[in-house]
Amino acid sequence: GAGVSQTPSNKVTEKGKYVELRCDPISGHTALYWYRQSLGQGPEFLIYFQGTGAADDSGLPNDRFFAVRPEGSVSTLKIQRTERGDSAVYLCASSADGDTQYFGPGTRLTVL
Amino acid sequence: AQSVTQLGSHVSVSEGALVLLRCNYSSSVPPYLFWYVQYPNQGLQLLLKYTSAATLVKGINGFEAEFKKSETSFHLTKPSAHMSDAAEYFCAVTVSGGYNKLIFGAGTRLAVHP
Chain A
508 GAGVSQTPSN KVTEKGKYVE LRCDPISGHT ALYWYRQSLG QGPEFLIYFQ
558 GTGAADDSGL PNDRFFAVRP EGSVSTLKIQ RTERGDSAVY LCASSADGDT
608 QYFGPGTRLT VL
Chain B
46 AQSVTQLGSH VSVSEGALVL LRCNYSSSVP PYLFWYVQYP NQGLQLLLKY
96 TSAATLVKGI NGFEAEFKKS ETSFHLTKPS AHMSDAAEYF CAVTVSGGYN
146 KLIFGAGTRL AVHP
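If you read the protein sequences in the order shown, they are chains A and B. Residue 548 in the numbering used here sits at position 41 of the first sequence; the count goes up by one each step and never skips. Residue 152 in the numbering used here sits at position 107 of the second sequence; the count goes up by one each step and never skips.
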């Protein structure tokens, strides 16, 4: 079956701009997670959705970051007033049972 | 709080040699533990997981890991390295049961040379 998909695969933007990153989870997975992976580091948790609601957003670094999942499937991570430090690979994962998370290929964000 | 320490950011082995990637964890509650592999410009692929059943866990591609509570370790091994095993490996921990975030180590880059 289809895995987790993320679009775009690459995004280049200028400092101060707004970006949206999309995640399409595995069909039927109720849980969806966003992580950020900076160069040379392991992924760091950002936010977790159970259905349509954000069950844990403790990893969002500041109020420039926001995520939604309006219909309990596709999720969008939104970053306002991007900064060079936001450059990273943004990973999405989904889970059916909570035990195992399946990751997408990621979106590489570059802020110039 | 939970944390993961991966000893050795880079490991190099010869093709056919034993692979040993070290992972130590810290957790105040019973953990679930995972190893993921990441090939260049790709997402994370699950190699294996420990979820409180057997302490010796077998995964894909001939990898296995043993959960040792007394040593708070979950080291990844493979008896004979293959060139295709060259990748970045991440150990991760989470709280057992329920839907919980993964806490990742910094990763170990494995190089395999002929």
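It is worth saying that the hints were derived from the structure and are not from the lab. Certain hints may be false.
What the hints assert, rightly or not - Calculated lysine to aspartate or glutamate pairs in the DMTMM-like style (CA-CA distance at most 20 Å, straight line):
no.: 1; chain 1: B; residue 1: Lys103; chain 2: A; residue 2: Asp563
no.: 2; chain 1: A; residue 1: Lys585; chain 2: A; residue 2: Asp563
no.: 3; chain 1: B; residue 1: Lys94; chain 2: B; residue 2: Glu60
no.: 4; chain 1: B; residue 1: Lys94; chain 2: A; residue 2: Asp531
no.: 5; chain 1: B; residue 1: Lys94; chain 2: A; residue 2: Glu578
no.: 6; chain 1: B; residue 1: Lys94; chain 2: A; residue 2: Asp606
Given hint Asp563(A) paired with Lys585(A) - CA-CA distance at most 20 Å:
Holds, at about 16 Å.
So if I understand the rule, the pair passes when the alpha-carbon distance is 20 Å or less; does Lys94(B) with Asp606(A) pass?
9 Å, holds
Are the Cα positions of Lys94(B) and Glu578(A) separated by 20 Å at most?
Outside the cut-off at roughly 30 Å; violated.
Would you mind confirming whether the straight-line C-alpha gap from Lys103(B) to Asp563(A) stays at or under 20 Å?
31 Å, violated
For Lys94(B) and Asp531(A), compute the direct alpha-carbon distance and say whether it is at most 20 Å.
Since the Cα atoms of Lys94(B) and Asp531(A) sit roughly 24 Å apart, the hinted pair is violated (cutoff 20 Å).
Restraint check for Lys94(B) with Glu60(B), where alpha carbons must lie at most 20 Å apart:
Measuring from Cα to Cα gives roughly 25 Å; hence the hint is violated.
Checked against the numbered hints given earlier, the structure breaks hints 1, 3, 4 and 5 and satisfies all the rest.
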